[in-house]
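Starting from the known structure of chain A, arrange chain B on it as the hints suggest.
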Amino acid sequence: MKINSKLRLQILIQNSFFVVLFIVLVFLLGFLANQYRFSKDITQANRNTLTTGSVNVLKQMKGPITLTVFASKDDVNNGDTFRQGIINFMTRYQRTKPDINIKFISPVEEPKLAQEMGIKVDGEVVVEYQKRSEHINPPFAEQEMTNLFMRLSRTNQQAVMYLDGHGERNLIGLKNNDVGEFGKQLESKGFKFANPNLTVESEVPLNGSMLVIASPQKKYFFY
Amino acid sequence: MILNIARKELKSLFASPMGWIILALLMMAFGSYYLTGVNNYFEVMSGAIRPAERVGVTIFVGQTVYSIASFIMLFAVPLLTMRLISEERRSQTLPFLFSAPISLTEIVLGKFLGLIVFLSILVFYIFLMLTTLNIWADIDFGYLVANSIGLWLLVASFSALGIYFSSLTQQPIIAAILSFISLFALMIMERFFASDPNHWFAYLSLMKHFQSFSRGLIDSSDLMYFFLFISTFLTLTIRRLDADRLRG
Chain A
337 MKINSKLRLQ ILIQNSFFVV LFIVLVFLLG FLANQYRFSK DITQANRNTL TTGSVNVLKQ
397 MKGPITLTVF ASKDDVNNGD TFRQGIINFM TRYQRTKPDI NIKFISPVEE PKLAQEMGIK
457 VDGEVVVEYQ KRSEHINPPF AEQEMTNLFM RLSRTNQQAV MYLDGHGERN LIGLKNNDVG
517 EFGKQLESKG FKFANPNLTV ESEVPLNGSM LVIASPQKKY FFY
Chain B
416 MILNIARKEL KSLFASPMGW IILALLMMAF GSYYLTGVNN YFEVMSGAIR PAERVGVTIF
476 VGQTVYSIAS FIMLFAVPLL TMRLISEERR SQTLPFLFSA PISLTEIVLG KFLGLIVFLS
536 ILVFYIFLML TTLNIWADID FGYLVANSIG LWLLVASFSA LGIYFSSLTQ QPIIAAILSF
596 ISLFALMIME RFFASDPNHW FAYLSLMKHF QSFSRGLIDS SDLMYFFLFI STFLTLTIRR
656 LDADRLRG
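In the order they appear, the protein sequences are chains A and B. Just so we're aligned: the first sequence equals residues 337 to 559 in this note's numbering. Just so we're aligned: the second sequence equals residues 416 to 663 in this note's numbering.
Some clues are possibly wrong.
With the C-beta cut set under 10 Å, the calculated list includes, among others, these residues of chain B facing chain A [to be verified]:
#1 Ile436
#2 Arg469
#3 Gly471
#4 Thr473
#5 Val560
#6 Ala561
#7 Trp615
#8 Phe616
#9 Ser627
#10 Leu632
#11 Asp637
#12 Tyr640
#13 Ser646
#14 Arg662
Honestly, the hints are just simulated from the structure, not real lab data. Backbone N, C-alpha and C fix where the C-beta goes; we use that ideal spot for every residue, glycine too.
Only chain A is shown next, with the shape it has when bound in the complex:
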């Protein structure tokens, strides 16, 4: 085959077309593989998998969750390492619930926004779900994050009412016979408390979810 300049041009055009189309195809396949991904944790301790408790909480949550991370950008404060750490931490959640979005905002670059959101610490995370939001400060582990999700998913805002003044075990008390530690656990999972004053109100309010009477020591008098 004799190669003249015309044929050479043809070959050049043909080759460059091939290379461009081929690379486009490769990028397309890579993009598709990134969109439809599934993964398997093959470690014996399942260290990349969420506990069943967290999975159940996530399953109850319909609709997207947005995490806004206010972390500085530069490496002086280990900002980059922290951002990567958050991503690695959240991938375990994202594998169960893909519509968890993470957004990074540097409080140094946008001080106004950080002030509006009430950011106090570098690395503070604002979690939004169905127009409600909560803040969480690092360091946090799976337990704290899952508790936060549970608080956000609890739409029922009716309070847990408790009585006091008759020697009951108090839900927010600190004394030995109080159940304050249990109350704290309930609070971290999103329950609200109310303390109806029955000397003022004539009957128990109807807007509570339940009334806790924890082993009173004196008699109740109802009129």
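For chain B alone, coordinates are given in the frame of chain A:
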């Protein structure tokens, strides 16, 4: 035919002491890191470290060995791939290879396969070396298997890119330098986008895809990335040799 070429490549590696020396030197490097890893484990974990931050011996030693292995392979693989095609071109044996009754695809795949078998020996040795921990401890084999798969895919990608650069030039040393530089750039690319880890450009980085394997996770997207990376550079090599054959 692919197997024949692969066998020939392997034989030429082991015909001289070169292949053995490379294996021995690399294993010595990995072995010394393994021993320092075990040493450090007892030093670090017996100290005042918070219980929440303690990790198992598999992860501690495995991480040390596999991260250094991926880094050492970055130097070793270009040196092994550099002569695969450029040496043939320099010693004028390429026309013979072209005129043999085998296709170009078979030639490239054969050479690639030969090298992969050689490198697989190393990956397998590292795995064996780490399983010796099982004598004293109960180790996490799944973690080691995931890391081995990751390392294997990583060196296969290195080799594919190395073969491509080897087909571009006549001088093996230029091929080695070019493939080293581009591999190094691909490895550290994600560092440049550290403040924006979800940037699509960081997705191109080899290290980012190795990371999920190094955590013990088999991810379809990362498998696909390595597969596409290898097949891209092998196809480009075949095209390049085909252009050579046409021009004569």
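message: Checking each numbered hint in turn, tell me which of them this model violates, lowest number first.
response: 1, 2, 8
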